[in-house]
Each structure stands twice: as structure tokens, then as C-alpha cells.
Amino acid sequence: SDGVLRAFQPTGEFSLQVNGQPDPKAQIFVNRNIPAYLILPGTGSPVLISPGATKVETIPPAKVVRQKDGSLDVLADAVLKPQGAFQLVGERVEMNAEGRKLSMGPKPPLLGLKKAADLKQHSPEYVVGAKAFVPNATSVAKLKKQAAPIRVVVYFGSWCPHCKEVLPHLLRVEDEIKGSKLQIDYYGLPRDFKDPEVQRLGIKEVPTAIVYRNGKEIGRITRNDWTAPEVALSILLGV
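Using our numbering, the first residue of the sequence shown is number 125, and each one after it goes up by one.
Hints may contain errors.
Keeping only pairs whose Cα atoms sit at most 30 Å apart, straight-line, the calculated DSS-like set for lysine-lysine is [said to hold, decoys possible]:
no.	residue 1	residue 2
1	K187	K149
2	K305	K269
3	K255	K269
4	K255	K205
5	K269	K302
6	K231	K244
7	K302	K238
8	K149	K179
9	K238	K205
10	K225	K179
11	K225	K239
12	K318	K231
13	K187	K239
14	K238	K268
15	K340	K305
16	K149	K231
17	K231	K269
18	K149	K269
19	K179	K268
20	K255	K244
21	K238	K266
22	K205	K149
23	K255	K266
24	K149	K225
25	K328	K255
26	K179	K238
27	K302	K244
28	K205	K179
29	K318	K268
30	K239	K205
31	K239	K328
32	K318	K239
33	K302	K266
34	K187	K238
35	K268	K305
36	K239	K255
37	K192	K269
38	K268	K340
39	K305	K328
These are computed hints drawn from the structure, not numbers from a lab.
Required output: the full structure, derived from the provided sequences and hints.
Okay, here's the thing in C-alpha cells:
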């Protein structure tokens, strides 16, 4: 390794197949600055893909180190073993590594009604972002004391980069207010927005959260509100 293979971040954009079968235990990381992908199959050595050179290399497992923030570094003294070139087949990246056929492709989007756990399982970016976000303590305290049952439905796209940036803020708030009268649900939309809920509710962008009190909409969280959704929510609720 040349010492620059550091700070690979987890990504939920892709899934892996090994010899034609899904590998549910695989983890995929990206460093967009190099750019390069680092694949940790369920079994076998880590695989490094360098799109610029279309090359595939394996790395000794002991030379890949996980940092406290969940990112991966490749140790500077790692000896990378060439495995040939990858091929682009449609939307998939296909390669051979250690005698196995690996195929990396876009992960199917989350569609319909979901819970926070579904988002966290689908995309590790949500977990990392939620841990990093520090919500407004005053607003969180007010939301915990909210007396009337409130339902929040968040319309989002698991394919949407902006959603991955800001939805973790609400996921963290949801963790902080567990046991309160607030129920938060998530509704995944397809990339083309062709879902009956879009037209029925007039959803123009993602993410959009609709806040209901006694079954009636009292407001929406959109755009800049997502910087601090707990503040926007407490203002909407008048608490």
C-alpha cells in the first residue's frame, strides 16, 4: 500500500454476490477522494477496486483496520495482490478474486412503510450519521414531555444522497425520545416518484416529513428544517 488507502467510509449503495449467490454479510466501503472501493466479503480476503485503473487487488485481512468512527484504513505496509481487471456489465461491477466470481451492484431501494431499524440495516451511513449528530437538548426535552399522541411520517429515498446526510439527524432524535408520545414512521419512495402517496399528499421533494396530531396534518418538515428536525418539530407542535 502507498499509505493513502485510508478513511474508507461504509456505504449502503451496493450489495455483493459471490459465485452468483447474495452475500448478506458483505460490507462495502468507499473512498471518494481516491476514488476506490473496499469490499469485505462474508468470507475471504478484502478486495480493493480502483475504478480509474479498472484493477482488482486483494489485501491480507490483518492489514485492514477498523477505526472508532467505523471507517477502514489499509495499513501502509500491506502487500496488495493483483487479481486482474473488473468489467462493467450493465449496472454491475464483475470481477474475479481468489478463484471466486464477485459481482457488485446497486442495492434495491427501500420502498413503502418502514421503521428506523430498516433504514439502519439498509444503509450504514444512517448509523454513522446518527451517532455523530448532537440534537438540541432543550427541544428534545420538550418533545419527551409532549402530551398528545403525534405521528410523523417521513417520505424519503434510500437512493437519495441528501437523505443520507440529514435523515440521521431524525434517527438520533428518535433514539433520544424513546418512550414518548411521538411515533415516527418512514416511507420509501422509488427514484421516479411513481407512488400513489406522492400524488395524494403532494410530495415535491425528499425528505419530507408530515406531522399529524389526532390524524390531521399540522405541518411539514422540509429543506433547511432537516438541519435540526427536533427544533422544527417542537416549533410545529407549539411546545
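Results of checking the hints against the structure:
no. : hint        : result
1   : K187 - K149 : holds, 20 Å
2   : K305 - K269 : holds, 8 Å
3   : K255 - K269 : holds, 23 Å
4   : K255 - K205 : violated, 35 Å
5   : K269 - K302 : holds, 11 Å
6   : K231 - K244 : holds, 14 Å
7   : K302 - K238 : holds, 17 Å
8   : K149 - K179 : holds, 24 Å
9   : K238 - K205 : violated, 41 Å
10  : K225 - K179 : holds, 15 Å
11  : K225 - K239 : violated, 34 Å
12  : K318 - K231 : holds, 19 Å
13  : K187 - K239 : violated, 36 Å
14  : K238 - K268 : holds, 22 Å
15  : K340 - K305 : holds, 16 Å
16  : K149 - K231 : holds, 14 Å
17  : K231 - K269 : violated, 39 Å
18  : K149 - K269 : violated, 40 Å
19  : K179 - K268 : violated, 52 Å
20  : K255 - K244 : holds, 11 Å
21  : K238 - K266 : holds, 26 Å
22  : K205 - K149 : holds, 23 Å
23  : K255 - K266 : holds, 21 Å
24  : K149 - K225 : holds, 16 Å
25  : K328 - K255 : holds, 29 Å
26  : K179 - K238 : violated, 38 Å
27  : K302 - K244 : holds, 16 Å
28  : K205 - K179 : holds, 11 Å
29  : K318 - K268 : violated, 36 Å
30  : K239 - K205 : violated, 41 Å
31  : K239 - K328 : holds, 22 Å
32  : K318 - K239 : holds, 21 Å
33  : K302 - K266 : holds, 13 Å
34  : K187 - K238 : violated, 37 Å
35  : K268 - K305 : holds, 7 Å
36  : K239 - K255 : holds, 18 Å
37  : K192 - K269 : violated, 34 Å
38  : K268 - K340 : holds, 21 Å
39  : K305 - K328 : holds, 28 Å
When held up to the earlier numbered hints, the structure conflicts with 4, 9, 11, 13, 17, 18, 19, 26, 29, 30, 34 and 37 and fits the remainder.
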